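Novice: With these hints in hand, go ahead and build the complete structure from the sequences.
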Amino acid sequence: MINVLCNWFHDWGVAIKDGLGETWLIILLVAFSVIALGLLSNILRASINKTKFVIKWGQILLLAVFILFIVWFSILL
1 MINVLCNWFH DWGVAIKDGL GETWLIILLV AFSVIALGLL SNILRASINK
51 TKFVIKWGQI LLLAVFILFI VWFSILL
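1 is the number of the first residue of the sequence shown in the numbering used here; add one for each residue after it.
Warning: the hint list may mix true and false statements.
Pairwise CB distance ranges, derived in the manner of DEER restraints [claimed, not checked]:
#1 V34 with G13: 16 to 24 Å
#2 G19 with I48: 13 to 21 Å
#3 D11 with W57: 28 to 36 Å
#4 L68 with G21: 19 to 27 Å
#5 A15 with K56: 28 to 36 Å
#6 S47 with I67: 12 to 20 Å
#7 V71 with R45: 31 to 39 Å
#8 S47 with V14: 35 to 43 Å
#9 D11 with L44: 32 to 40 Å
#10 V14 with K56: 33 to 41 Å
#11 S74 with A46: 23 to 31 Å
Hints in this document: simulated from the structure, not taken from any laboratory. In this text the structure is predicted, and so the values were computed from the model without any measurement. Backbone N, C-alpha and C define an ideal beta-carbon position, used for all residues, glycine too.
Specialist: See the structure below:
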């Protein structure tokens, strides 16, 4: 089952690379990196300014999604 899922993601990634081209993959990679760094700095700034550590699960989940996209697009290149 895992092999089928990995093949599906690989085929989908190749289709995205063929459709967008390497230039757009690099542009998306940079854009996702900037967004991820912005989310990370926002999370760290919010936790440093508070005496009590507050976890914003939505931002952490969104950060994880962007990091996965960054890794996936990096593998495609």
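Novice: A separate judgement is required for each hint: does it hold in the structure or not?
Specialist: Hints versus structure:
Hint check: V34 to G13, Cβ distance near 21 Å, so the stated range 16 to 24 Å holds. Between G19 and I48, the C-beta spacing of about 41 Å breaks the proposed range 13 to 21 Å. Look at D11 against W57: about 32 Å separates their beta carbons, and that is inside 28 to 36 Å. Our hint of 19 to 27 Å for L68 and G21 holds, since their Cβ atoms are close to 21 Å apart.
Restraint check, A15 to K56: a C-beta distance of roughly 34 Å satisfies the suggested window 28 to 36 Å. Between S47 and I67 the Cβ separation comes to about 18 Å, which falls inside the hinted range of 12 to 20 Å. Between V71 and R45 the beta carbons are some 24 Å apart, a value that contradicts the proposed interval 31 to 39 Å. A beta carbon spacing of about 39 Å between S47 and V14 agrees with the range 35 to 43 Å that was offered as a hint.
Here the CB-CB span from D11 to L44 is close to 37 Å, well matched to the stated 32 to 40 Å. For V14 and K56, the Cβ-Cβ distance of about 35 Å falls inside the hinted range of 33 to 41 Å, so the restraint holds. With their beta carbons about 28 Å apart, S74 and A46 fall inside the hinted range of 23 to 31 Å.
Checked against the numbered hints above, the structure breaks hints 2, 7 and satisfies the rest.
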